[in-house]
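Protein chains in written order, with this note's numbering: chain A, 1 to 361; chain B, 362 to 487.
No lab work stands behind these hints, which were simulated from the structure alone.
Beta carbons are placed, not taken as given, at the ideal position from N, Cα and C, and that holds for glycine.
Hints are supplied without guarantee of correctness; some may be wrong.
Residues from chain B shown here face chain A by an in silico Cβ test under 10 Å; the list is partial [said to hold, decoys possible]: (1) Asp374; (2) Ser395; (3) Glu396; (4) Asp399; (5) Phe402; (6) Ala423; (7) Val424; (8) Val427; (9) Lys464; (10) Ser468.
Anything over 12 Å on all C-beta distances counts as not near chain B; from chain A, calculated [unchecked claim]: (11) Ser11; (12) Leu37; (13) Asn115; (14) Ser133; (15) Pro205; (16) Thr229; (17) His241.
Derived pair list, reagent style SDA-like, types lysine to any residue, alpha-carbon separation capped at 20 Å [said to hold, decoys possible]: (18) A:Lys287 / B:Ala446; (19) B:Lys425 / A:Pro216; (20) A:Lys291 / B:Ala414; (21) B:Lys425 / A:Val57; (22) A:Lys19 / B:Lys407; (23) B:Lys407 / A:Asp345; (24) A:Lys19 / B:Ser395; (25) B:Lys425 / A:Trp260; (26) B:Lys425 / A:Glu175; (27) A:Lys309 / A:Gln346; (28) B:Lys425 / A:Gly82; (29) B:Lys425 / A:Gly17; (30) A:Lys348 / B:Thr420; (31) A:Lys291 / B:Glu437; (32) B:Lys425 / A:Phe176; (33) B:Lys425 / A:Glu120; (34) A:Lys287 / B:Thr426; (35) A:Lys19 / B:Ala428; (36) A:Lys348 / B:Pro406; (37) A:Lys291 / B:Thr435.
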Amino acid sequence: MSDLKQTPLCSRHQALGAKMVPFSGWFMPVSYSGIQLEHFAVRQKAGVFDASHMGLVKVTGTGALAFIQKISVNDASKLLPGQSQYSAMCYPNGTCVDDIYVSCIGANEFYLAINAGCKEKDVDWMKSHSDSSVQLELLETGIVAVQGPLAVQVITALFGSGLSSQPKNGATFVEFGGQKMLITRTGYTGEDGFEIFPHNSVLGPVWDAVIEAGKPFGLLPCGLGCRDTLRLESGFSLYGHEINDGTNLVEAGLSWIIGWNKSDFIGKQALVDVKGKGPSRKLVGIKAIDKALPRDGMLILVDGREVGKVTSGGISPILNQGVALAYVESSLATMGTKIGVQIRDQVKSFEVASRRFVGGK
Amino acid sequence: MSEIRDNLKYTTDHEWALIEGGIAVIGITDHAQSELGDIVFVDLPKVGDQAKAGESIGTIEAVKTVAEIYSPLTGEIVEVNTALADSASIMNADAYGNGWIAKIRISNPSELETLLDAKSYAAHIG
């Protein structure tokens with residue numbers, strides 16, 4: 001326990017009665033009032049998350065855009081100042097270093113949000129592909145994510161109405177306690193929401209202000225437990241589960257973030273090859289037909305033959321049904337295909353479904 | 362603090378048993394439901410099953426984890442709480458009452474001596 005890192009909000013979580021657990025080397029809140037209660041708060045009203053275990057890298061310099069174009073698969077040249085995009089960094093073989101969010105503030109100023117467990121690896125990777133025209137800085141910032149249909153009202157109450165007109169994936173700066181901080185209209189829950197990136201010195205006051213401003217809207221502090229059920233229900237990949245250094249972005253269903261028309265980026269040739277041949281397996285959503293809870297690592301079976309594996313599984317609180325993301329042989333990756341999941345000593349019936357279990361097409 | 366009731370017997374695996382004549386009503390403790398968090402499904406034993414003390418008679422699926430239900434005593438399952446099949450969360454809300462799991466006809470009364478009383482269970486969960 002002693003070597004676990006803590007965010008500057010740790011004492012606040014404990015004062016709020018959070019159940020704390022180790023996650024990616026950090027001591028983080030898993031829930032405060034109950035995972036499902038927090039899940040419904042985010043789907044119906046608003047919730048606030050401490051995501052300060054994640055990292056934010058500032059990229060500046062005349063070579064900033066060219067650098068990002070090289071390490072990030074999405075096409076950052078399409079970003080206007082004030083816009084963000086989801087992307088990933090790949091190895092030359094098309095597998096994933098990390099998934100990232102790229103925010104553009106100016107022609108020579110970008111911010112890259114990266115995963116907690118990948119920070120050191122990512123920064124080393126970035127440094128090894130940068131030159132003197134690029135400055136990289138891992139910022140001393142936290143992340144406060146305000147999510148849910150009423151998040152915009154909480155944010156408006158705090159920072160004024162200007163942010164309500166910010167489009168999805170918008171990125172701008174706000175001021176709080178004399179400090180400027182990045183705020184993006186992004187999230188990891190499938191709901192509308194904002195992510196605020198305050199300097200560590202004002203992280204506590206920002207968190208307190210969000211909790212206070214959120215009271216009239218039914219905002220709850222939310223832990224990593226519902227962060228996981230929300231992202232699973234929305235079909236979002238989690239690094240280390242759906243994507244990692246053994247999966248490529250095409251089989252992970254992330255072709256849509258790849259800037260295929262860019263002249264080059266690390267991993268492009270490998271990804272073009274996979275796309276051309278077609279991936280041998282694909283990431284799909286699966287839904288339990290009866291009551292069953294699939295969990296990470298469980299095997300997918302068809303007629304007793306192993307055809308894939310669950311990468312993330314659990315309950316969809318909205319559907320009250322077991323759901324999972326899983327890799328299956330590509331021939332099985334069509335909606336409605338019946339498959340089995342080995343759950344302890346039983347094989348339970350599932351069907352292939354949209355990865356977007358809730359709120360999707 | 363978790364609730365511990367004086368009139369119940371306990372196992373170190375966090376089940377409770379209420380002894381009523383030759384029948385034991387069993388469930389999981391308040392401490393157990395709190396540690397598991399939101400319980401979403403439960404695989405119940407069947408009436409007529411033979412339960413053995415310390416062996417699994419079912420499974421509890423919580424959002425974050427799965428746990429076995431270990432029978433506190435040996436005997437025949439004579440009734441199960443079918444209400445849990447549709448709303449397992451009753452175990453969170455009322456672990457010692459409506460969240461009961463099954464009733465067992467005790468076949469080996471000497472096993473009662475192996476169960477913990479409230480004070481010992483309180484010491485066990487610290």
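We went through each hint and held it up to the structure:
no., hint, in the structure
1, Asp374, "18 Å, violated"
2, Ser395, "9 Å, holds"
3, Glu396, "9 Å, holds"
4, Asp399, "5 Å, holds"
5, Phe402, "5 Å, holds"
6, Ala423, "9 Å, holds"
7, Val424, "5 Å, holds"
8, Val427, "7 Å, holds"
9, Lys464, "23 Å, violated"
10, Ser468, "25 Å, violated"
11, Ser11, "21 Å, holds"
12, Leu37, "8 Å, violated"
13, Asn115, "20 Å, holds"
14, Ser133, "46 Å, holds"
15, Pro205, "30 Å, holds"
16, Thr229, "6 Å, violated"
17, His241, "15 Å, holds"
18, A:Lys287 / B:Ala446, "19 Å, holds"
19, B:Lys425 / A:Pro216, "30 Å, violated"
20, A:Lys291 / B:Ala414, "27 Å, violated"
21, B:Lys425 / A:Val57, "31 Å, violated"
22, A:Lys19 / B:Lys407, "34 Å, violated"
23, B:Lys407 / A:Asp345, "17 Å, holds"
24, A:Lys19 / B:Ser395, "10 Å, holds"
25, B:Lys425 / A:Trp260, "38 Å, violated"
26, B:Lys425 / A:Glu175, "38 Å, violated"
27, A:Lys309 / A:Gln346, "15 Å, holds"
28, B:Lys425 / A:Gly82, "37 Å, violated"
29, B:Lys425 / A:Gly17, "18 Å, holds"
30, A:Lys348 / B:Thr420, "15 Å, holds"
31, A:Lys291 / B:Glu437, "26 Å, violated"
32, B:Lys425 / A:Phe176, "36 Å, violated"
33, B:Lys425 / A:Glu120, "28 Å, violated"
34, A:Lys287 / B:Thr426, "18 Å, holds"
35, A:Lys19 / B:Ala428, "18 Å, holds"
36, A:Lys348 / B:Pro406, "18 Å, holds"
37, A:Lys291 / B:Thr435, "28 Å, violated"
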